[in-house]
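Participant: Spelled out from the first residue to the last, the chains are:
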Amino acid sequence: MQIWENTFNQLMDALMPQLAEGEAVTVGLVAEESEFTRFNHAKVRQTGSIENGSMSVTLMADGRSATESITFTGDKASDWPLLMTALHTLRDELPQLPEDPYIVLPDGDDHSREVYDGELLGMSAIAPTILPNMSGLDAVGLYAGGRCVRAYADSAGQRHWFATETFTLDYSLFTESGQAVKGTYAGRTWDDAAYTDNLAVAKTLLEQMSQTPKKLERGQYRTYFAPAAVADLMSMLSWGGIGEASIRRGGSALGPLQRGDKTLSDKIHLSEDFSQGQVPRFNQYGELAPLTMPLIDGGQLKNTLVSARTAKEYGIPSTFAEGGEYLRSPTLASGTLAEADILAALDTGLYVSNLHYLNWSDRPNGRITGMTRYACFWVENGQIVAPIENLRFDESLYNFWGANLIDLTQATQFIPEVGSYGFRDLGGTLVPGMLVDNFAYTL
Amino acid sequence: MTVTPLPTTADPIDLLTEAITSLDLPADWVGIRATREESVSRSQRDGKPEGNRRSLQQGAMVEVLVNGQMGYAATNRLTVAGLRHAAELAYQQAQAAAPWRIHAFSPEIRPKVLGVYQTFAEKPLKTLTTSHAHELLSRICQGLKVSDQIVQASASLSAKEIDTWLVSSSGTQVHQKFSFFTPSFSATAQDGPVVQTRTNNGRGHAYQAGWEFLDMGDELWASVQRIGEQAVELLTAPECPDMTTTLVLAPDQMMLQIHESIGHPLELDRILGDERNYAGGSFVKPEDFGQLQYGSEQLNVTFDPTVEQEFASYAFDDTGAVAERQYLIRDGVLQRGLGSHESQARLGVPGVACARATNWDRPPIDRMANINVEPGDRPFAQIIGSLEDGVYMEANRSWSIDDQRFKFQFGCEYAKRIRNGELAETVRNPNYRATTPQFWRSLSQVGDRSTWQVFGTPYCGKGEPNQIIRVGHGAPVCAFDQIEVFGGAG
Numbered sequence: 043m044q045i046w047e048n049t050f051n052q053l054m055d056a057l058m059p060q061l062a063e064g065e066a067v068t069v070g071l072v073a074e075e076s077e078f079t080r081f082n083h084a085k086v087r088q089t090g091s092i093e094n095g096s097m098s099v100t101l102m103a104d105g106r107s108a109t110e111s112i113t114f115t116g117d118k119a120s121d122w123p124l125l126m127t128a129l130h131t132l133r134d135e136l137p138q139l140p141e142d143p144y145i146v147l148p149d150g151d152d153h154s155r156e157v158y159d160g161e162l163l164g165m166s167a168i169a170p171t172i173l174p175n176m177s178g179l180d181a182v183g184l185y186a187g188g189r190c191v192r193a194y195a196d197s198a199g200q201r202h203w204f205a206t207e208t209f210t211l212d213y214s215l216f217t218e219s220g221q222a223v224k225g226t227y228a229g230r231t232w233d234d235a236a237y238t239d240n241l242a243v244a245k246t247l248l249e250q251m252s253q254t255p256k257k258l259e260r261g262q263y264r265t266y267f268a269p270a271a272v273a274d275l276m277s278m279l280s281w282g283g284i285g286e287a288s289i290r291r292g293g294s295a296l297g298p299l300q301r302g303d304k305t306l307s308d309k310i311h312l313s314e315d316f317s318q319g320q321v322p323r324f325n326q327y328g329e330l331a332p333l334t335m336p337l338i339d340g341g342q343l344k345n346t347l348v349s350a351r352t353a354k355e356y357g358i359p360s361t362f363a364e365g366g367e368y369l370r371s372p373t374l375a376s377g378t379l380a381e382a383d384i385l386a387a388l389d390t391g392l393y394v395s396n397l398h399y400l401n402w403s404d405r406p407n408g409r410i411t412g413m414t415r416y417a418c419f420w421v422e423n424g425q426i427v428a429p430i431e432n433l434r435f436d437e438s439l440y441n442f443w444g445a446n447l448i449d450l451t452q453a454t455q456f457i458p459e460v461g462s463y464g465f466r467d468l469g470g471t472l473v474p475g476m477l478v479d480n481f482a483y484t485l
Numbered sequence: 014m015t016v017t018p019l020p021t022t023a024d025p026i027d028l029l030t031e032a033i034t035s036l037d038l039p040a041d042w043v044g045i046r047a048t049r050e051e052s053v054s055r056s057q058r059d060g061k062p063e064g065n066r067r068s069l070q071q072g073a074m075v076e077v078l079v080n081g082q083m084g085y086a087a088t089n090r091l092t093v094a095g096l097r098h099a100a101e102l103a104y105q106q107a108q109a110a111a112p113w114r115i116h117a118f119s120p121e122i123r124p125k126v127l128g129v130y131q132t133f134a135e136k137p138l139k140t141l142t143t144s145h146a147h148e149l150l151s152r153i154c155q156g157l158k159v160s161d162q163i164v165q166a167s168a169s170l171s172a173k174e175i176d177t178w179l180v181s182s183s184g185t186q187v188h189q190k191f192s193f194f195t196p197s198f199s200a201t202a203q204d205g206p207v208v209q210t211r212t213n214n215g216r217g218h219a220y221q222a223g224w225e226f227l228d229m230g231d232e233l234w235a236s237v238q239r240i241g242e243q244a245v246e247l248l249t250a251p252e253c254p255d256m257t258t259t260l261v262l263a264p265d266q267m268m269l270q271i272h273e274s275i276g277h278p279l280e281l282d283r284i285l286g287d288e289r290n291y292a293g294g295s296f297v298k299p300e301d302f303g304q305l306q307y308g309s310e311q312l313n314v315t316f317d318p319t320v321e322q323e324f325a326s327y328a329f330d331d332t333g334a335v336a337e338r339q340y341l342i343r344d345g346v347l348q349r350g351l352g353s354h355e356s357q358a359r360l361g362v363p364g365v366a367c368a369r370a371t372n373w374d375r376p377p378i379d380r381m382a383n384i385n386v387e388p389g390d391r392p393f394a395q396i397i398g399s400l401e402d403g404v405y406m407e408a409n410r411s412w413s414i415d416d417q418r419f420k421f422q423f424g425c426e427y428a429k430r431i432r433n434g435e436l437a438e439t440v441r442n443p444n445y446r447a448t449t450p451q452f453w454r455s456l457s458q459v460g461d462r463s464t465w466q467v468f469g470t471p472y473c474g475k476g477e478p479n480q481i482i483r484v485g486h487g488a489p490v491c492a493f494d495q496i497e498v499f500g501g502a503g
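Quick mapping for you: the protein sequence lines, in order, are chains A and B. Residue numbering for the first sequence follows the numbering used here, starting at 43 and increasing by one per position. Residue numbering for the second sequence follows the numbering used here, starting at 14 and increasing by one per position.
Each hint should be verified, as a subset may be incorrect.
Claimed, not checked - Simulated restraints on C-beta separations: (1) B:P251 x A:G319: 44 to 54 Å; (2) B:S54 x A:G357: 55 to 65 Å; (3) A:A62 x B:G81: 52 to 62 Å; (4) B:D255 x A:S154: 33 to 43 Å.
To be verified - With the Cβ distance kept under 7 Å, some of the chain B side facing chain A (calculated, not the full set): (5) T88; (6) R90; (7) V93; (8) Q106; (9) A109; (10) W113; (11) Q162; (12) Q165; (13) N290; (14) W412; (15) K420; (16) R446; (17) G501.
Said to hold, decoys possible - Heads up, incomplete: computed chain B residues facing chain A, CB under 7 Å, no partners named: (18) Q70; (19) N80; (20) Y85; (21) I115; (22) G286; (23) D415; (24) Q422; (25) G424; (26) E438.
Simulated from the structure, these hints should not be mistaken for lab results. Just so it is clear, CB atoms sit at the ideal spot from N, CA and C, and this is done for glycine as well.
Generate coordinates for the entire structure from the input sequences, incorporating the hints supplied.
Facilitator: Structural data, given as structure tokens:
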């Protein structure tokens, strides 16, 4: 990893003097060395190692901008010719492009360096460590672990380096009838005892899934959403929700809130919080986000995610968001519902552990559809009665985060990102559980 | 686009062969799949540039079979030394996992094959200049803005040239050269709180071709005008009514319907359970093949990687299996699944050549390619003319289906009521929901070849670690009886 950092810095030191007068450049790096072991029925399905890196070079001149992504191997002798070829290609292309009125030139003098070492399972230890504890179980999932890098440099002199060693074990346990529970164990240091404890919780829950599932009719039910389900609902705000560009252009589900047409409960406090160091604070423009920033405060829209580009277009201040204006390290504040009181407060209704395949069914009105998944139960008089057959819901966030929100739990839980499209995701979401009245299930 | 050879060699086949020949590993089989992907994407919003991106990414995956277990290692160090190191890592992976293997695979899962494949491109991608691309995108944005109520007009294109090489210790040598082109445009109209977006066929224009699909003259500009006008039209249209009625789907919504409720449930790795921790399993059981009445007798579905210009055509999958057209569903009855040699060996049911990887850094898994509903015998006018009441929907905008691919809810951009055998008023926010077997068994009319259209998408997500992949779907207009449809409103 030190080699990658040295190579990146040497490449950047060599690149900047190559710029002509009037040219500016930004370079982003994403790279990883990862081990992946996929298992099914507690047996190895696929296993392998991946080493990959990509540099994204943006050249700007005369009000024009173009980007090229190239392979980063970490070997300067291999990467330098590719970098120079990219620079020349971009330089040739710029005059053919229309002017960009919202171009964001590198500015500022921010520097940062965060390196988090971990203690991960070695390649040969993954299967022998994880699978024996799952013996006899219908366990399916993925271990992913290794080093991830995000870095940035620009011609204004800004330079950032973020490297972290992490793992995620994302798994499901199934009953013979197809009912299942979800477990996730993640961190920087693998701990056998913590893994055993994590699996034990899932095994206990699995025992409750052995009863015949209850089939519920469509209708509105009082529902408790566990933190993983709340995280899924909150993730929708990254997709036409909290981004300023989306609000300005009519595509946001929070448009009605912003216009004052609809309200959210004063129990909703959403913020971006980088204090845990799970993800880099710097963005694609080299800007460092504040450690914390309130977004929704007491149900009121306090801040939106404003990228430097959106800020320039609309003449407003940036809130140091990424270009995509998505949540990077969100935290939903806790409420007053004690863990021990959840079932009693639910009384009669649904206990929903996870959700699946969410999509906007009417985004300008904040309506979301999706499915219940994994350990979801019917509860009567504060007692779990039986697991349920999965239900489809179709409901507006202005209802479940509005008048129908009863309470949020006192405890919050970190739900790690386990995605790996392109490169392994970093970070996660800190959320409580929530109790909601009259949640609409439709199929 | 400029074509840059892989470093260190003029012919990647030679490099991969040299790397395999130099290995001294006690493995049962070794293969290397290398990929070079060059892409360009350009976009404009309201006539101003939003993005100009190029990409050149390359790398290789080495697979090693040891004691019935495959291990893999992916690297972007494309030298003999880099590939040898990856092979050693893959060997260690396989050896360490072999005691916990799910199945004892033999080298037959990676057949020996020799061959080449190349996309036919009428207008090769490299002939589309940067300035001409932006001129076209700018003109599309202008054309979409038919009214002051259009608050956003967007246009984009993506062009990719991908080379893959496959070489193995058993003598396989394959080179496939693909050209992919994806043009897209959309208009968003707003009137106070009412916001409506219309796109060119739900962004389903994705072809294996050159840029001829953007150089369509009057047909393109008529489409641009229509998209802008329909976005505005939707602002004052009534909500789609809540009712149970005959639903007629255009091919640009059939694409999504086929993909989610036929393609995914027929994937053998889902049926085997590999995918249950991520995308989910399937309501289809192994014993259903050859037995299950999946849809009405009018339903005929093929896996067809041979259709020229359809997005996911190829001659060989990423393990070297030879790709052929196969019926998945014939006269409504399930015939075979979407499964690789590996899945076929594990499950003992017939499959197709569909082991595909998103790139060099992911292992091949069971994937859709082109999944098509075959045309029937009804002209569009005859389908509509036969219906006293119904709703006709176009272009997907919302999609959600459960982890068994059973209960779904889909939404479309644009719809019209059908009244007394004719298309009547436009309605907005059209949605429908059903279960998969109920839906396909209610298929009552299948459009003829004149209604059949091909669409595709680059964004099918699946697998652990995650992968996205290109798929193509051809379909005629189809009618389904007694389907629950409904509108929007919060």
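Participant: Each hint should be assessed against the structure and marked as holding or not.
Facilitator: Structure-based check of all given hints:
For P251 of chain B and G319 of chain A, the Cβ-Cβ distance of about 52 Å falls inside the hinted range of 44 to 54 Å, so the restraint holds. Here the CB-CB span from S54 of chain B to G357 of chain A is close to 28 Å, at odds with the stated 55 to 65 Å. At about 58 Å, the beta-carbon gap between A62 of chain A and G81 of chain B stays in the expected band of 52 to 62 Å. With their beta carbons about 54 Å apart, D255 of chain B and S154 of chain A fall outside the hinted range of 33 to 43 Å.
With 7 Å as the threshold, the beta carbon of T88 of chain B comes within range of chain A, its nearest partner Cβ sitting at about 5 Å, so the hint holds. Proximity of R90 of chain B to chain A holds as hinted, the smallest CB-CB distance being about 5 Å (cut-off 7 Å). Among the interface hints, the one on V93 of chain B is violated; its C-beta lies about 14 Å from the nearest C-beta in chain A, farther than the 7 Å criterion. Here the hint on Q106 of chain B is kept, as its CB sits about 5 Å from the closest CB of chain A, short of 7 Å.
Interface hint at A109 of chain B: satisfied, since its Cβ lies 4 Å from the closest Cβ of chain A, which is below the 7 Å cut-off. Hint status for W113 of chain B relative to chain A: holds, with the closest Cβ pair at about 5 Å, below 7 Å. The beta carbon of Q162 of chain B comes no nearer than 10 Å to any beta carbon in chain A, farther than 7 Å, and the hint placing it at the interface is violated. The beta carbon of Q165 of chain B is positioned within 7 Å of a beta carbon in chain A (closest approach about 5 Å), and the interface hint is therefore held.
The interface hint given for N290 of chain B holds, since its Cβ lies 4 Å from the closest Cβ of chain A, which is under the 7 Å cut-off. At about 6 Å, the closest approach between the beta carbon of W412 of chain B and any beta carbon in chain A falls short of 7 Å, and the interface hint on this residue holds. For K420 of chain B, the interface hint holds, the least distance from its beta-carbon to any beta-carbon of chain A being 5 Å, beneath 7 Å. Because the smallest distance between the Cβ of R446 of chain B and any Cβ of chain A comes to about 5 Å, under 7 Å, the interface hint for this residue holds.
Hint status for G501 of chain B: holds, given a least beta-carbon distance of 4 Å to chain A, under 7 Å. A distance limit of 7 Å between C-beta atoms decides the matter here; for Q70 of chain B the minimum to chain A is near 6 Å, and the interface restraint holds. The beta carbon of N80 of chain B comes no nearer than 12 Å to any beta carbon in chain A, farther than 7 Å, and the hint placing it at the interface is violated. The interface hint given for Y85 of chain B holds, since its Cβ lies 3 Å from the closest Cβ of chain A, which is under the 7 Å cut-off.
This hint holds: I115 of chain B has a C-beta 4 Å from the nearest C-beta of chain A, less than the 7 Å allowed. Checking G286 of chain B against chain A by beta carbon gives a least distance of about 5 Å; that is within 7 Å, so the hint holds. Residue-level restraint check for D415 of chain B holds (minimum Cβ-Cβ distance to chain A is 4 Å; threshold 7 Å). Because the closest C-beta pair between Q422 of chain B and chain A is about 5 Å apart, less than 7 Å, the hint holds.
Taking 7 Å as the C-beta cut-off, the interface hint given for G424 of chain B holds, the closest approach to chain A being about 6 Å. The interface hint given for E438 of chain B is broken, as the beta carbon of that residue sits about 20 Å from the closest beta carbon of chain A, more than 7 Å.
Violated hints, listed in ascending order, are 2, 4, 7, 11, 19, 26; each of the other numbered hints is respected by the structure.
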